[in-house]
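Enquirer: Use the sequences and the hints to build the structure in full.
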Amino acid sequence: MGTVDLTQFHQTFFAESMEGLDGMEAALLELDAGSTDHELVHTIFRAAHSIKGGAATFGFADVAAFTHVAESLLEEVRSERRPVTSDLIDLLLRSVDCLRTMLDHTSQGRPAADENSEALRAELAHLVETGTGVAAAAPVAASAPVTVAAAGWKIHFTAHPSLLQTGNDPVRVFHELKQLGELQVLRVFTVDAVPDEFAALDPTQCYLGWELTLSGNVERAAVDGVFEWLDGDCELAIEPLGAPAAAPAPATAAPVALLPPHPVPAAAVNGVSGHAADAGSIRVGIDKVDALINMMGELVITQSMLSDIGANFEPSQLERLREGLQQLERTTRELQESVMRIRMLPIATVFNRFPRMVRDLERKLGKQVKLEMHGEQTELDKTVLEKIGDPMVHLVRNAIDHGLETPDKRRAAGKADTGTLTLDAHHEGGNIIVRISDDGAGLNHAAIVAKAVERGLVSPGHDLNDDEIAELIFQPGFSTSAKATDLSGRGVGMDVVRRNVRDLGGSVSVKSVAGQGSTFTIALPLTLAIIDGLVTTVGNERYIVPLISVVESLRLKPEAVRRIASGNEVFHFRDEYLPIMRLHRAFGCANAVREIERGIVVVVEDEGQRVGILVDELLGQQQAVIKSLEKHYRKVVGVSGATILGDGSVALIVDVGGVVRLGRRSEQAAA
Amino acid sequence: MAKILAVDDSASMRGMVAFTLRGAGHEVTEAEDGQKALDAAGAGKFDLVLADVNMPVMDGITMVKQLRTKADYQGVPILMLTTESDTNKKMEGKAAGATGWLVKPFDPDKLLATVNRVLG
Amino acid sequence: MGGRRATKQGGMVTVSLPADCRIGAQVAVHAELVAAVQASAVALDGTRVERVDTAALQQLWLFARALEKHGGALTWKGASQALEEAAATLGLTTILQLPAQQPA
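Chains as they are written, first to last, in this note's numbering: chain C, 1 to 671; chain B, 1 to 120; chain S, 1 to 104.
Rather than coming from a laboratory, the hints here were simulated on the basis of the structure. Be careful, since some hints might not be right.
What the hints assert, rightly or not - Okay, derived cross-link-like pairs now, DSBU-like style, lysine-lysine, Cα gap no bigger than 35 Å in a straight line: (1) B/Lys45 / S/Lys77; (2) C/Lys627 / C/Lys387; (3) B/Lys104 / C/Lys288; (4) C/Lys387 / C/Lys370; (5) C/Lys451 / C/Lys415; (6) B/Lys45 / C/Lys178; (7) C/Lys154 / B/Lys89; (8) B/Lys104 / C/Lys178; (9) C/Lys288 / B/Lys36; (10) C/Lys178 / B/Lys70; (11) C/Lys288 / B/Lys70; (12) C/Lys178 / B/Lys110.
What you are looking at is a predicted structure, and each value in this text was computed from that prediction instead of being measured.
Expert: Next up, the structure:
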């Protein structure tokens with residue numbers, strides 16, 4: 001019998017183990033010293049147990065050894081032989097970190113155990129051995145088999161009524177005994193409990209007993225092995241038959257099958273060879289896969305209906321054809337949504353790292369923080385999810401470091417000692433909104449303005465409203481912290497946060513009320529893979545403007561446009577003057593409309609800033625699957641990607657943020 | 001060929017079990033916790049159930065107890081996937097009505113040998 | 001269900017055992033056997049039996065015993081190899097009055 005290649009399950013094992021560790025960490029953080037919360041302890045235990053089992057199965061001995069000790073310790077906690085102390089929680093949290101590293105190393109094919117992990121393992125083992133006074137229960141069970149062999153064994157075996165219901169069958173058991181030696185039934189009998197009336201018999205209960213002899217050089221352990229599963233479901237007595245044999249025979253490695261073992265088909269063994277590609281994987285809920293399969297079914301039906309119409313087309317069938325095409329469109333859209341949903345994962349995976357971080361920061365900064373999280377199940381594209389972590393970490397650190405006050409300051413301000421930090425995620429329109437709010441002091445407007453003046457970001461005496469002041473903190477190089485703490489002041493500022501969020505096609509803004517706290521709002525696109533776009537032409541080319549950024553499209557009369565000193569053009573739009581970006585000029589398009597009155601101006605907005613983009617004409621709206629330009633060509637300013645249109649031609653997708661910044665910059669340069 | 005229900009919250013273990021058994025020609029249904037397993041068991045009859053002990057939502061022991069209350073599952077072999085150190089769990093599983101156990105870690109050969117043993 | 005397998009012909013009741021004659025089928029088999037246990041002559045047809053377990057063999061034994069107590073006669077219309085082998089394994093061949101095992 002060949003072996004099945006197990007490497008194909010390694011990636012899954014790493015992914016679920018990391019997930020298990022996240023859960024373990026979250027539960028540890030929720031667990032208070034002195035707690036006996038059984039559910040939490042059980043969650044923690046289960047994670048360790050699961051990783052141990054998998055690691056042992058897939059041959060990751062270091063990880064298995066480490067988790068084995070951790071599990072033993074947790075078993076003591078679970079059975080309430082060991083109290084939950086804050087030292088214990090810390091030790092286990094360190095074990096979580098250590099296991100993460102070990103799994104990381106293992107997945108990279110590096111040795112998992114190092115000095116640190118060994119030291120920690122020793123620490124865990126020491127606790128297990130000494131801690132509760134109960135000696136470590138070495139898992140022995142059947143490790144020291146009785147090696148006495150006899151001429152055979154006499155076996156008294158009486159079933160308990162429940163024996164058959166457990167799925168055990170004396171027929172099978174006796175067959176197994178026959179594999180060991182010569183089996184003879186001396187006597188079969190019914191027990192007293194058997195009902196007198198046949199009609200009263202419950203045929204699933206067992207009322208039988210046997211006296212058997214098993215002759216041959218059979219080890220006692222082998223006989224015990226056959227009856228192992230019947231322990232508790234029968235009365236069993238096994239006595240040696242006659243004198244022990246002079247020399248114990250080598251253990252009979254008895255094949256315990258009645259039928260010849262099923263051969264594993266060659267394809268199953270050899271088909272999936274080689275190592276699992278490290279291309280990253282997603283765990284997908286079965287419901288999502290089912291939805292896909294449903295959709296596929298509908299697609300197949302529509303397809304067969306359409307080919308049916310196509311095969312014998314008559315003009316009278318035009319209506320049916322239209323219906324079919326509509327159905328195709330609907331199913332395609334649903335299919336697309338379902339496929340996209342596969343990439344969607346709950347934001348909980350990001351949120352889950354915060355309880356630990358908040359706890360660490362509390363200790364470090366002497367602050368008291370209550371963390372509240374809402375909407376953890378809100379789903380985000382996997383790529384967005386992976387990249388939103390760092391900006392969020394930064395915002396959370398900032399909120400605790402700069403936003404929330406120390407308990408005495410809060411008391412002085414008439415607030416509760418413990419500050420509240422709230423993380424919230426939810427859908428809003430086509431976006432995911434993530435809010436990080438605190439009930440701290442709010443932004444210090446005076447300090448921000450002073451710093452901005454000092455940095456030359458604004459001129460002294462310039463009148464700024466609250467929103468404008470708040471905007472200042474996102475300017476490059478801005479930092480109001482009196483001294484750079486090692487938490488949030490080191491190099492990275494809010495400008496980096498904004499840039500990271502922008503790279504994801506999102507935006508970040510802040511609202512703050514003095515004395516009541518601040519709220520940072522991150523808006524993210526649902527997916528990076530598809531946008532709703534406005535298709536426009538510029539000369540011989542097509543450009544797609546993301547619909548989400550479009551405010552309005554209008555045709556301007558020549559007199560509505562004013563040329564300012566720099567030669568830039570502006571036009572009046574809802575109480576403000578907006579610069580005009582001529583796309584043909586920015587991208588160098590030939591044969592484009594040059595007279596503004598003959599083209600269309602599309603007003604677009606990015607983070608509150610607007611510009612008008614001049615295009616030749618609008619072709620309509622459509623969804624565009626984004627193809628990376630960077631990957632296939634190189635990064636182009638003002639262009640976020642490309643897509644392929646229905647006619648097979650390529651259209652570029654306008655990076656509205658980039659265009660707005662370009663437009664504003666030239667306007668500022670002109671001012 | 002038997003219809004087998006494989007229950008484990010660990011996708012890698014479940015995948016390994018299912019892949020191995022399918023390779024041996026069995027029809028395998030997967031469930032990720034005890035509750036889902038009960039749902040699956042209610043929807044179709046299985047010849048054998050392999051169940052992990054420690055699972056979220058509903059653990060393996062509770063699942064076995066519930067399964068044994070169903071007329072269809074009197075005497076159907078149910079094997080607990082457990083570890084050697086889990087002596088108590090083996091006994092708890094037995095008391096709940098499990099047929100026997102398969103000790104982790106196991107390799108595909110041991111799995112098939114044990115499955116063949118109970119399927120006869 | 002009972003009517004399908006148990007047939008009555010000239011005072012002789014015949015009960016046919018199902019192909020999968022294991023614990024899951026025994027409640028149904030029990031119902032048929034209960035209906036037959038007062039008969040003066042019962043023939044068991046075990047030719048179709050492919051899978052059989054202790055629950056089935058125990059029930060057949062207890063049925064044979066009850067039938068004998070009422071003075072009924074038990075005969076076999078044949079038994080499959082699977083049935084014969086399992087009965088032999090449990091030491092029930094004689095008690096069940098099964099036809100002697102044919103050499104394969």
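Enquirer: Determine for every hint whether it applies to the structure shown.
Expert: Okay, the hints, checked on the actual structure:
1. B/Lys45 / S/Lys77: This hinted pair holds, its Cα atoms lying about 31 Å apart.
2. C/Lys627 / C/Lys387: Within the cut-off at roughly 19 Å; holds.
3. B/Lys104 / C/Lys288: holds, 31 Å
4. C/Lys387 / C/Lys370: This hinted pair holds, its Cα atoms lying about 25 Å apart.
5. C/Lys451 / C/Lys415: holds, 28 Å
6. B/Lys45 / C/Lys178: Measuring from Cα to Cα gives roughly 31 Å; hence the hint holds.
7. C/Lys154 / B/Lys89: Roughly 30 Å between the alpha carbons, so the hint for C/Lys154 and B/Lys89 holds.
8. B/Lys104 / C/Lys178: This hinted pair holds, its Cα atoms lying about 27 Å apart.
9. C/Lys288 / B/Lys36: holds, 16 Å
10. C/Lys178 / B/Lys70: holds, 33 Å
11. C/Lys288 / B/Lys70: holds, 30 Å
12. C/Lys178 / B/Lys110: Holds, because 20 Å separates the two Cα atoms, which is no more than 35 Å.
In this structure, every one of the numbered hints holds.
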